[in-house]
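Asker: First to last, the sequence lines map onto chains A and B. Residues 1 to 393 (our numbering) make up the first sequence, in order. Residues 1001 to 1307 (our numbering) make up the second sequence, in order.
Keep in mind that the hints were calculated from the coordinates and are not lab data. Errors might be hidden in some of the hints.
Capping the alpha-carbon separation at 30 Å, the derived lysine-lysine pairs in DSS-like fashion look like this [to be verified]:
{"id": "1", "chain 1": "A", "residue 1": "Lys-284", "chain 2": "B", "residue 2": "Lys-1278"}
{"id": "2", "chain 1": "A", "residue 1": "Lys-365", "chain 2": "B", "residue 2": "Lys-1179"}
{"id": "3", "chain 1": "B", "residue 1": "Lys-1278", "chain 2": "B", "residue 2": "Lys-1138"}
{"id": "4", "chain 1": "A", "residue 1": "Lys-365", "chain 2": "B", "residue 2": "Lys-1156"}
{"id": "5", "chain 1": "A", "residue 1": "Lys-366", "chain 2": "B", "residue 2": "Lys-1138"}
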Amino acid sequence: MNIHEYQAKALFEKFGVAVPKGVAARSPAEFESALATLDHGPFIVKSQIHAGGRGKGTFTDGFKGGVKFAKTKAEALDFANRMYGNTLVTAQTGPAGRKVQTIYFTKAADITKEYYLAILLDRNTSRPVIVASTEGGVEIEKVAHDTPEKIFKIFVDPAVGLQGYQARQLAFQLGLSGDFFKNAVKLITGLYRMFWETDAAMVEVNPLITTADGGVLALDAKVSFDDNALFRRPEIGALRDLNEEDPKEIEASKYSLSYIALDGNIACLVNGAGLAMSTMDIIKHFGGSPANFLDVGGGASKDQVQAAFRIILTDPNVKGILVNIFGGIMDCNTIATGVVAAARELGLKIPLVVRLEGNNVAAGKKTLAESGLKIESADSMADAAQKIVKLVA
Amino acid sequence: MAIIVTEKTKVLVQGITGEFGGRHTKLSLDYGSQIVAGVTPGKGGQFFEHGAHKVPIFNTVADAVAATGATASAVFVPPPFAADAILEGVDAGLDLCVAITEGIPIRDMIQVKRAMQGRKTRLIGPNCPGIVTPGSGKDSSGGCRIGIAPGYIHKKGHVGVVSRSGTLTYEAVWQLTVKGLGQTTCVGIGGDPVNGTSHLDVMKMFNDDPETWGIIMIGEIGGSAEVEAARWIKANCKKPVAGFIAGATAPAGRRMGHAGAVVGGAEDTAAAKIAIFKECGIECAVTPSDMADALERAAKRLRAKLA
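Produce the entire structure from the sequences given, and follow the hints as far as they go.
Answerer: Here it is as structure tokens:
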């Protein structure tokens, strides 16, 4: 689960991670009072969306930049009004962009130097890793590629947590001393505590900055949380912004379906994440374009199959559907019955190819054949993919 | 011979009285697995009954082990309590814990893995379909099934299968069985980013197992486990290996069902992994329908037998 920058910074403050003073405004009516809280400029006016690259982005009406420097209150208001309700396209949003519904005003900081700091799971060691670099404000992948010696890592032992010497080591490696050193250690310690205590999946501060008065601040904040832990973090779950999510994906999760929208026109309905991914892959292999990832999981009751079909059909791009079910414990005839019922009740008109394999497959195929509906059966995944691609072409 | 479990392995089920655990205990019993005990705190003294089977239930794993000599556990416990269940099994000195549960917080598994360092228990999973060593009976019964895989798709033989996936694994196993190529053991290591057993761990065991003559390795986007295994295979494995990586069409940064199936950078995409597989002499299945065929191609290249 992702959150906005302004929400991440509010969390940072709770854990002693210094940030520039900032106030979020959810509507134009709040702009003036937000700016009043910040006293005087200069300000940074920031569009809040769940995607990076905002500074270099462009709005669909031509306005350039989702993050703007404003010398005066008047300038800040002007920028905010241009951004609010507008659609921002960045390198990470895709061509459709994202509608901006919150503006975050912050005091502009007096930047001495920019650094990079992040905390995430290191999959090789199964430990949290703190990654820092003297090269901030740029793409960390580029730094890793060009100058890997400028990236420093600390692995935290979960048995004892982040140790003081580790935070100090990182601060020394970043070349810090005096007040900078002291404040960096405090920030790193607070950031790790936040990461661990909120069940975060990833915390990225790019840039982390030093300021002329000896301060060390998080200038940006990108935070995501472990979905598996949300059940025990209701205060984090409350930060969810449904406007940033695809309504089809939200609807799917209500039925315990795992759904991700893609760009293509052949929809899939599959049981199992690995099988679902490879179903998308095999459609592409035979020249088609998958419209979605959809894992119905181990259950696939009639209601779930029907909900899945309904969600699939709300995508106007969908021209055909491929159902691929390997009935392990699940009975193929149960799935077939569910598919027939859903197709009938929704008045399905577009091509439907169903590939069943496994438990009670013969009865399942019979149910499909005798349904009176235009449902094509397939034997292997290759057979199924080729059939649907041909029907949709 | 098989690896990790045989038809003689004594298994206990944590969460046997739950709907999910109970259902799969019955299927495992039908398959011929030696389910000797169940554990549900507070229900000690009761019995889990299925046909002629009467499986005693205990309050703790330690009690179950003391009474029955069980050495392996299947964990069918909901996410908030699953890490606790795993650690209880480790503390009771089990040889094996197979954690089926999907949805365990990553932080919990980070702690479990740390706590298990230096302990003798092997953890498989979590978020996995489990492990099957097929038997010689009808529909491969008489073997050992721990988890949720359908027993009948298997056949006793000489191919090892290791995979992060569930139904995609069954796809591979069924392709093999239909071709008459049976399996020694099929291991589902699960789809989570922090797990107990890696592709490499299983590959080493298959490499050392005289009964395993070829291996299919199935992976996904995210992480570097498959690449680690591939490099080891290049240096150390003389048996034919076929591989498949799911997720070539997955967009970056999205969690594709499995918590561990997220493309993090340029190196954990499907394309990157497939390229390294090829460099390491692993025959790549072009599509998921091609997995068993890919293994036959690998065997042909090495002039090796698979059955």
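Asker: Next step is simple, just say for each hint if it's right about the structure.
Answerer: Consistency of the hints with the structure:
{"no.": "1", "hint": "Lys-284(A) with Lys-1278(B)", "result": "holds, 21 Å"}
{"no.": "2", "hint": "Lys-365(A) with Lys-1179(B)", "result": "holds, 22 Å"}
{"no.": "3", "hint": "Lys-1278(B) with Lys-1138(B)", "result": "violated, 38 Å"}
{"no.": "4", "hint": "Lys-365(A) with Lys-1156(B)", "result": "holds, 28 Å"}
{"no.": "5", "hint": "Lys-366(A) with Lys-1138(B)", "result": "holds, 26 Å"}
Checked against the numbered hints listed earlier, the structure breaks hint 3 alone; every other hint is satisfied.
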